[in-house]
Amino acid sequence: MENSSSSCGSATSNSLDRLKMLYPFVNEEDTPLPRCWSSKDKYNFIGLSQNNLRVHYKGYGKTHKDAASVRATHPIPSACGLYYFEVKIVSKGRDGYALDVLVVKKFSHFHLLLVLCRYMGIGLSAQGVNMNRLPGWDKHSYGYHGDDGHSFCSSGSGQPYGPTFTTNDVIGCGVNLIDNTCFYTKNGHNLGTAFADLPSNLYPTVGLQTPGEIVDTNFGQSPFVYDIEDDMRELRARVASTILNYPIPDKQGHWEASLQRMIATYLVHHGYCSTAEAFARSTGQEFGEEVASIKNRQRIQRLVLSGRMGEAIETTQTLYPTLLDSRPNLLFLLKVRQFIEMVGGSDSEVRSTTNRSPKSQNSGSPSMSPNYGGFGTSQGAHSSLRSRSRSRSSSPGHSSVQTSVIQSTKAFSQHLNGSSATAASSDMQEETDNDVEMNGASQNGSHSGTGETLVDPGVKEDSILEMEVDVAGPSNCTRRQLCGGNQAAMERTLDFGKELQTLSVTLRRQHGKNDANKKMLRDAFSLLAYADPWKSPVSEQLDPVQREPVCAALNSAIMESHHLPRRPPMELAIGHARELLRLMAQNGLGSCAFANIDHLLQP
Amino acid sequence: MTKLIHSIMDVESCNSYVDNLYDVDSAKCLDAVIYIKNMIIGSNKAKNMIIQQGITPRLIQLLDDPIGGDDLKLEVIAVIGSLARGDENHIKSLTAAGVIPFLLNNVCASTNPQVIEFALRALQQLFQNEATKTDLLFADSRLVPQLLKLMPLSVCNQISVTSIFTNACKTSEHQAILCANGAVPALAALLNSPVGDVQLATLDAIASLCYQNQRVSALLTVSSFGGKSVTDHLVTLMARDRPVAMQLVAARCLTYLHRAGAICADDGKILYKTLPCLVRMCRKENRRTEKALGAETLAYLIEVDTELQRVASISDHLIQNLSLFLAKTRDNSSVQQLGVESIDEDAPASAKEVQNLKQAALRAFASLGANDEDIRKRIIETDQLMDHVVTGLTECGDHRVQLAAVRCLHSLSRSVQQLRTTFQDHSVWKPLMKLLQNADEDILAVASSTLCNLLLEFSPSKEPILESGAVELLCNLTRREDSALRLNGIWALMNMAFQAEQKIKIQILSSLGTDQVFRLLSDHEVGVVMKTLGLLRNLLSTKPHIDLIMAQHGRQIMQAVILILEGEHSPDVKEQALCILANIADGETAKEFIMSNEDVLRKLTNYMSHSNVKLQTAATFCIGNLAWNEDNGCLERQARLRELGVYRILQQLLCTNDATLFEKVKAALQQFS
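As given, the protein sequences belong to chains A and B, one line each in that order. For the first sequence, the numbering used here gives the first residue as 111, with consecutive numbering after it. For the second sequence, the numbering used here gives the first residue as 117, with consecutive numbering after it.
Which residues of chain A face chain B? A few of them, derived with a C-beta cut under 7 Å, are: (1) Gly272; (2) Pro273; (3) Gly298; (4) His299; (5) Asn300; (6) Gly302; (7) Asp340; (8) Arg343; (9) Glu344; (10) Ala347.
Each pair of labels, with its calculated beta carbon distance range: (11) A:Pro333 with B:Val360: 23 to 29 Å; (12) A:Pro270 with B:Glu617: 43 to 49 Å; (13) A:Gln269 with B:Asp541: 25 to 31 Å.
Note that these hints are calculated values from the structure, not bench results. C-beta: ideal position from N, C-alpha, C; glycine also.
Please put together the full structure from these sequences, using the hints given.
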């Protein structure tokens with residue numbers, strides 16, 4: 111087996127894409143596609159050549175006892191939806207007939223003795239079906255035979271099906287894994303359904319019985335003669351319409367309401383505050399969370415995504431004092447991330463030393479207002495950037511912040527692309543703009559009651575947003591140094607590392623061993639072992655994308671602490687759907703191949 | 117709802133509104149029109165009433181009156197459009213009142229896009245009725261360009277104008293006018309529309325435009341839009357994820373392009389796209405209308421091309437699927453009785469649908485079996501097919517089914533085996549003869565050529581057909597105005613006369629009459645002349661028949677032959693005439709008709725030296741028969757022929773390169789003692 115698969119693997123390496131494109135939903139790790147004939151699963155009268163794609167007969171070919179078949183290396187995965195392969199008859203072998211098979215056919219007026227030569231059969235068979243036979247003769251075996259054009263459905267006697275075939279004909283075999291039917295084609299013409307109620311896990315099979323017979327096989331590595339993709343288009347449209355027309359028992363508009371709730375909760379969960387408000391207004395949805403709370407979460411998320419972990423932790427502790435205390439593992443996760451950001455030079459802990467001083471004294475302090483106040487007043491020179499800005503005293507951030515913010519936007523849009531909501535990214539921009547306007551207008555009005563601490567993060571958020579909107583052209587040159595290239599920052603990082611180590615020990619003592627935490631810490635520390643962590647084997651950790659799981663974990667924890675769902679129902683539903691598709695693929699339901707969730711989510 | 121209508125239609129109030137319609141005050145008038153509009157929406161009953169009130173002329177008057185302004189005009193057109201959506205009678209009364217020219221006038225003259233849009237939509241409705249005369253649209257040379265100019269302006273206009281074109285374009289002149297005004301590029305552009313309804317309407321218009329029109333079809337095939345050829349657009353619209361209706365009409369367009377010679381049968385667009393698409397339409401899970409239209413279009417696609425017939429016959433169980441069309445129609449009543457609904461649609465098939473399916477299947481079978489004996493055999497093996505054909509023939513009510521059945525029979529009658537077996541078993545000649553008695557020309561043409569096949573000498577049906585008065589019937593056919601019918605008539609007579617008994621031959625000649633023979637010999641259709649000569653040849657075979665017939669009609673037959681030999685005819689025709697002479701020369705007493713005719717003898721000798729070998733051969737054969745040394749009086753004839761220098765010519769001909777001629781010359785020379 112290894113032998114065959116390795117040899118055909120090398121031969122078909124350049125055709126991998128074609129097969130992947132034909133069957134995009136097949137997970138080849140679970141269910142490999144048939145790519146060539148098996149050098150093991152065949153009768154010994156069968157010879158294989160040309161990367162196990164050419165089959166020739168090398169037996170005696172005297173009687174039907176000399177029949178020989180070969181199966182493909184793997185069964186047809188259900189997730190193909192519609193599977194297809196083609197066989198070209200290179201040579202039908204010597205003339206002459208297998209004389210032992212005498213069949214008497216009754217005609218209307220007379221009897222005719224027919225000498226049949228069942229020299230060639232193309233079809234499907236299950237694993238374990240006798241290979242000393244042609245496909246179709248036995249249980250769980252199905253074939254279309256060239257001599258008489260009959261189809262053999264697990265039986266020694268055939269049914270009239272199609273035309274005969276011979277040298278130079280191309281015979282195709284298609285398996286519809288939704289209806290569990292099979293059809294054949296001859297030279298690109300569909301001959302119609304041959305078999306129904308097929309079992310799953312059938313192998314492409316070809317059987318020969320005459321010396322000199324040679325066939326070549328196209329498992330999809332090259333273009334087919336028959337236009338199978340047109341069939342796929344039809345099935346895709348059919349599945350899509352089945353989904354769209356699926357009857358939903360909907361009395362009093364519950365269906366619509368739950369869809370709207372799903373969208374609203376999604377928007378709230380991810381902090382698309384203004385959109386959520388607008389949506390709620392127009393659909394009459396109730397808001398599950400206070401706007402202020404959403405905004406707080408949004409702030410924290412932005413901090414995490416921009417790599418400013420220290421501030422994120424501080425803000426979290428201020429706004430949700432008990433949250434991290436009761437979740438030591440989350441706190442540990444955040445701190446490790448902070449360490450990584452410090453190494454990467456994104457965390458304000460290290461950045462502040464390179465660019466400004468006021469922040470440095472306050473490390474670990476939960477009181478934030480002084481920081482941000484200083485933040486604002488010290489940077490008046492940059493106000494020109496805020497050409498569209500409101501007349502407020504808070505000023506934009508500084509260049510080092512810009513880079514990190516832009517980075518975060520990138521990370522954000524990557525994240526968005528990942529969930530295939532490309533249209534939403536522009537929406538996001540708009541959304542953040544709106545937020546700015548709103549914050550500006552309601553700054554001291556709506557939030558005044560909640561105290562100063564809430565106001566200040568708002569100011570800071572504004573400065574970040576300003577960057578996203580107005581500043582272009584990141585300057586990454588300064589970032590590519592350990593801890594921003596600053597000696598003091600380096601020391602602080604090392605100190606922080608020690609603190610982290612202590613925290614880890616404390617955690618272990620209190621909560622027992624935690625392998626995940628241990629590994630996380632080890633990985634993070636190993637960054638320091640390299641002169642250039644960005645080129646190290648562990649550099650992946652520095653990728654801004656890695657902030658996302660941290661961000662999601664923190665957000666979920668906040669949601670949970672407010673007795674709100676950890677994941678928005680929409681994401682849960684999508685996750686369910688994906689899992690169901692996986693289960694369908696596992697259980698032989700071919701429709702999964704044409705129910706593309708990402709396609710359905712796209713407008 | 118009905119109550120509501122009743123109350124609205126309270127006669128008195130209605131009458132008062134109708135009165136207001138005639139008011140000079142345009143505001144009052146507008147109110148009345150709006151009232152009428154609201155009253156008749158969706159109610160054929162209200163439409164009946166309002167038409168009976170005779171308001172149509174007033175509506176037209178308002179349409180033409182500029183005083184009322186566009187508001188009034190819009191409402192008037194809306195009322196007309198609403199009426200046009202009613203039943204056939206409403207449309208008829210509107211067109212009879214002459215609404216169309218006024219609407220067209222508005223389409224041309226109005227500057228208000230909404231007025232134009234409404235008017236186009238009303239026109240679209242009116243033209244959808246088959247009875248509506250459409251020449252008007254093409255009579256005024258301003259109209260078509262104006263419509264094409266308005267077409268791109270809105271989606272509504274696109275649909276209305278393309279639909280008007282679809283229904284108005286009925287003759288090749290119409291097609292030419294549309295084409296000359298640039299309809300092809302305009303329609304090609306709409307194929308790219310993002311609106312499915314526009315694409316559908318455009319495809320319909322393209323189909324109307326190119327049907328049986330070589331020029332338009334050729335132009336369409338070389339046209340392109342957006343860097344993509346029209347035919348590629350059509351193939352795209354035929355993709356299997358498109359709505360079935362769109363696939364079907366796109367396939368129809370490509371079918372017409374193929375049949376008009378613009379795309380070859382072996383082009384992938386036909387062989388691998390159009391053909392499988394139409395075959396797929398015949399699947400049992402499709403709707404009845406789609407199946408019927410698909411099969412009918414398929415029949416047209418493959419009608420003449422043997423390869424397409426072969427591919428179709430093996431594609432997707434077509435023959436079985438088509439036979440289901442018939443089976444379903446046959447078992448329809450029993451199916452309904454059992455309470456089992458047909459699988460494709462919930463509603464039971466209407467009588468019209470049943471007939472449509474039947475005629476479509478029969479037509480498709482006719483095309484499938486046109487050329488290939490194997491396919492014919494497979495069709496014949498279809499369960500109870502012959503029963504369906506025979507009942508189809510006798511369905512007096514439905515002309516289309518009859519025609520389809522007779523076409524199917526005609527295709528199958530090309531099979532020698534079927535003539536001997538199935539046709540005989542089912543006595544198909546009986547309904548066929550009945551059909552021939554009083555059918556229209558379409559059916560007669562096909563039925564009579566089927567009869568030709570049934571009269572072939574090996575057909576067991578020949579005898580009973582003769583006994584049922586076929587001779588008279590066929591002789592009458594030769595007097596028809598349609599040359600195809602004359603040809604079939606004379607052809608069938610020729611087949612009938614082949615190796616026939618003497619009494620049949622006499623019967624043929626006496627019913628046909630020598631006058632008619634002369635008339636047929638001067639027919640402008642060469643085929644008719646050839647078959648008439650063939651008939652004479654078949655009549656004049658075996659000695660006793662020759663002598664008897666020549667004794668009765670010798671003078672006229674000789675005249676006829678001379679007529680042909682002296683006329684301006686192709687060598688093939690003259691060869692037939694010479695062959696008749698050869699047959700006459702084979703007679704005992706008949707020989708004298710030639711020997712006593714100096715003129716004919718001289719002609720024969722001339723043809724012996726003719727440049728055309730076929731004529732030489734025929735003439736030599738005739739001489740050989742004249743000189744035949746076993747017949748009485750051969751020596752005198754030989755002497756006479758020598759006198760004319762025949763012997764010398766024969767000797768010269770011995771050096772010919774043509775094998776057949778050489779044989780005849782040798783045989784003739786051997787007769788001379």
